[in-house]
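Visitor: Residues per chain, in single letters:
Number of protein chains: 2
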Amino acid sequence: MKKIIIDILGGDNAPHAILDGVVMAAKKDKQLQFLLIGDETQIKERATKEGFVDRVEIIHTTESISNNEPPTNVRVKTNSSIALAVENLRKREDCGAFVSAGSTGAVLAGSVLRVGRIPGVSRPALCPLFPTKTPGKNVIVVDVGANVDCRPEHLFHFAIMGSEYMKSMGIPNPRVALVNVGVEDKKGNELTAGAFQLLKQSDLNFVGNMEARDAFSGDYDVLVCDGFVGNVLLKTAEGAMKLVGARLKGALKSGPISILGALLVKGKLKKMSAELGEEAAGGAIFIGAKKTVVKAHGSSEAHAFANAIHLANRAMQSDMTENIEKAIARNTITEEEKKDGE
Amino acid sequence: MKKIIIDILGGDNAPHAILDGVVMAAKKDKQLQFLLIGDETQIKERATKEGFVDRVEIIHTTESISNNEPPTNVRVKTNSSIALAVENLRKREDCGAFVSAGSTGAVLAGSVLRVGRIPGVSRPALCPLFPTKTPGKNVIVVDVGANVDCRPEHLFHFAIMGSEYMKSMGIPNPRVALVNVGVEDKKGNELTAGAFQLLKQSDLNFVGNMEARDAFSGDYDVLVCDGFVGNVLLKTAEGAMKLVGARLKGALKSGPISILGALLVKGKLKKMSAELGEEAAGGAIFIGAKKTVVKAHGSSEAHAFANAIHLANRAMQSDMTENIEKAIARNTITEEEKKDGE
Chain A
36 MKKIIIDILG GDNAPHAILD GVVMAAKKDK QLQFLLIGDE TQIKERATKE
86 GFVDRVEIIH TTESISNNEP PTNVRVKTNS SIALAVENLR KREDCGAFVS
136 AGSTGAVLAG SVLRVGRIPG VSRPALCPLF PTKTPGKNVI VVDVGANVDC
186 RPEHLFHFAI MGSEYMKSMG IPNPRVALVN VGVEDKKGNE LTAGAFQLLK
236 QSDLNFVGNM EARDAFSGDY DVLVCDGFVG NVLLKTAEGA MKLVGARLKG
286 ALKSGPISIL GALLVKGKLK KMSAELGEEA AGGAIFIGAK KTVVKAHGSS
336 EAHAFANAIH LANRAMQSDM TENIEKAIAR NTITEEEKKD GE
Chain B
36 MKKIIIDILG GDNAPHAILD GVVMAAKKDK QLQFLLIGDE TQIKERATKE
86 GFVDRVEIIH TTESISNNEP PTNVRVKTNS SIALAVENLR KREDCGAFVS
136 AGSTGAVLAG SVLRVGRIPG VSRPALCPLF PTKTPGKNVI VVDVGANVDC
186 RPEHLFHFAI MGSEYMKSMG IPNPRVALVN VGVEDKKGNE LTAGAFQLLK
236 QSDLNFVGNM EARDAFSGDY DVLVCDGFVG NVLLKTAEGA MKLVGARLKG
286 ALKSGPISIL GALLVKGKLK KMSAELGEEA AGGAIFIGAK KTVVKAHGSS
336 EAHAFANAIH LANRAMQSDM TENIEKAIAR NTITEEEKKD GE
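Quick note, the sequences are listed as chains A and B, same order.
Residues 36 to 377 in the working numbering are what the first sequence spells out, letter by letter.
Residues 36 to 377 in the working numbering are what the second sequence spells out, letter by letter.
Bear in mind the hints are in silico, worked out from the structure with no lab data behind them.
Because the structure is a prediction, the values reported are computed rather than measured.
One or more of the hints may lead you astray.
In this list, chains with the same sequence are indistinguishable; a pair is considered to hold if it fits within one copy or across any two.
In silico DSSO-like pairs for lysine-lysine, Cα to Cα no more than 30 angstroms straight-line [as the list claims (entries may be wrong)]: (1) 172 - 288; (2) 361 - 126; (3) 168 - 79; (4) 303 - 361; (5) 62 - 112; (6) 37 - 288; (7) 222 - 112; (8) 126 - 284.
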């Protein structure tokens with residue numbers, strides 16, 4: 036089994052929460068092999084204590100790239116954890132995936148620069164899992180911010196990549212929909228009109244346009260949009276949940292009966308919001324890079340980071356990147372075919 | 036006082052909920068004067084019974100435009116309630132506003148075609164009120180769907196119009212923000228980069244870029260974006276609230292203590308979600324038309340429709356459209372000024 040490279044220094048709660056996450060993942064899945072990048076003494080001590088040091092290789096560094104630095108620093112700070120991670124991911128046959136909770140920009144820039152894109156993919160995309168009404172059932176949105184200006188063929192590639200990703204997650208025939216302002220075929224702007232035509236001609240299970248109010252309905256597996264729209268979708272969902280939470284708190288604080296009721300349901304409410312948060316923040320695949328790259332949420336605690344590791348492992352094991360390459364090739368209309376069709 | 040034109044036949048619950056809404060509004064504000072368009076006998080009977088028939092003029096029709104028809108039918112079906120409404124709004128000095136819960140497309144198309152735009156406004160926009168964390172405090176989003184392909188100057192006009200609208204709602208110096216993928220000045224796509232520059236040079240209270248997760252924080256009064264992004268924002272918020280509602284229901288149904296707790300907080304939860312729904316669905320101003328046009332939610336019940344009428348009245352009374360014209364003129368950089376600045 037190939038090694039998963041972990042950036043021990045990235046994230047708001049690094050290195051402790053990250054190391055805790057690695058321990059959790061290692062205990063849950065005894066097959067996992069790691070290349071851990073961070074403080075050698077600290078990592079070795081912990082891995083020895085937890086009894087999985089035989090599955091751990093370490094590259095020592097104490098340098099990291101913060102969220103406040105330009106992402107392109109990944110080129111200059113060659114001894115930073117992210118730079119070392121992408122360099123090893125590129126050159127080593129025995130490494131298959133990389134997980135970091137550090138600077139999104141640096142992880143993406145480093146992956147594109149050093150690891151490169153899957154042949155045929157025009158633009159890699161950032162692709163998180165979202166919760167749906169049914170606990171345990173997810174929907175993905177491609178892209179949520181890596182590409183803020185897109186052309187129709189980019190959205191088309193997002194759809195292909197998203198579909199292969201969901202196959203790697205165990206969904207045999209993912210339902211792909213285009214995020215739009217209405218469900219009718221003719222709805223939308225220039226970008227979606229162009230993407231709609233490409234999607235209709237593809238071998239994807241394309242179910243048409245959808246409206247964001249149904250994003251979490253469970254009726255779709257893959258939602259396709261440009262990175263600006265996806266980013267707004269991601270963050271609006273977060274904001275709306277915060278709004279409901281704030282109002283709920285206010286409502287439950289007023290009157291003795293409500294306070295009693297609130298006490299009785301408190302645990303359940305807490306569990307629900309933890310579940311939603313967990314499902315939402317588990318990690319986003321940076322899809323389209325030659326090897327599996329997972330960006331865990333910056334605020335990841337151990338449990339969320341462990342989930343991100345399992346996610347990376349699943350994508351790595353299922354040959355997702357190879358399948359994306361094949362699907363892109365299968366769906367690419369050559370200039371010759373275009374002429375034949377005319 | 037000028038008359039408010041009401042489309043009695045538009046909306047999922049028309050005519051009864053609409054007529055009920057008119058009755059509620061008429062009772063709350065004894066100054067209101069109406070031009071009601073719908074079934075004459077039905078309207079007359081109701082207005083007489085409720086004691087405000089002296090404030091009501093009626094135009095009889097039984098024809099309406101459904102959501103399934105092309106909005107441009109408003110040109111052909113000249114005897115439909117929406118066509119009659121916009122025609123009267125255009126030609127009659129004594130009519131100052133129009134409220135409909137009918138086809139959004141037909142209301143917008145009809146308003147642009149017959150009533151026309153405020154001089155200087157490049158594109159009218161659809162602009163709903165959203166709830167924030169603080170009950171009673173709203174934020175508006177311009178645009179949420181009237182313009183799916185925009186240039187920077189359109190967003191600039193949206194900002195000016197939104198700001199004047201919030202002034203008419205009693206906010207003296209509205210905080211205007213640009214919806215973006217990050218708060219830093221340089222963030223975004225080509226469209227937002229262009230709009231940012233225009234907004235920075237304006238006399239608006241422009242506070243910079245914002246992220247959709249803070250849409251309902253209460254930190255902003257006017258959120259500016261193209262109609263595609265705004266539509267996704269509007270509908271994602273709706274979808275996320277549905278998601279929380281569904282999970283909440285599931286969580287509260289499990290276990291006897293939770294069920295007891297759920298019973299004790301049920302009323303509060305219902306009130307909270309009604310409040311959020313009410314605030315969200317009260318009505319959207321179609322801002323930029325020469326006279327005030329309010330599009331109430333298609334599913335409006337009486338109370339929501341009455342709110343939409345009060346909203347229209349407030350905008351009409353505060354000379355919003357005149358103020359928008361002045362603000363646009365004030366912020367328009369003439370070719371001559373451009374040369375002077377060079």
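Visitor: Does each hint fit the structure? Answer for all of them.
Guide: Structure-based check of each hint:
1. 172 - 288: Between copies only: 19 angstroms across chains, 32 angstroms inside a chain, cut-off 30 angstroms.
2. 361 - 126: Within one copy only: 23 angstroms inside a chain, 63 angstroms across chains, cut-off 30 angstroms.
3. 168 - 79: Neither: 42 angstroms inside a copy, 47 angstroms across copies.
4. 303 - 361: neither (45 angstroms within a copy, 54 angstroms between copies)
5. 62 - 112: Neither way: residue 62 and residue 112 sit 33 angstroms apart in one copy and 70 angstroms across, limit 30 angstroms.
6. 37 - 288: Close neither inside one copy (52 angstroms) nor across copies (44 angstroms); limit 30 angstroms.
7. 222 - 112: Answer is between: at 23 angstroms across copies they meet the 30 angstroms cutoff, but 46 angstroms inside does not.
8. 126 - 284: Neither: 52 angstroms inside a chain and 50 angstroms across chains, both beyond 30 angstroms.
In summary, the structure is inconsistent with hints 3, 4, 5, 6, 8 from the numbered list given earlier, while agreeing with the others.
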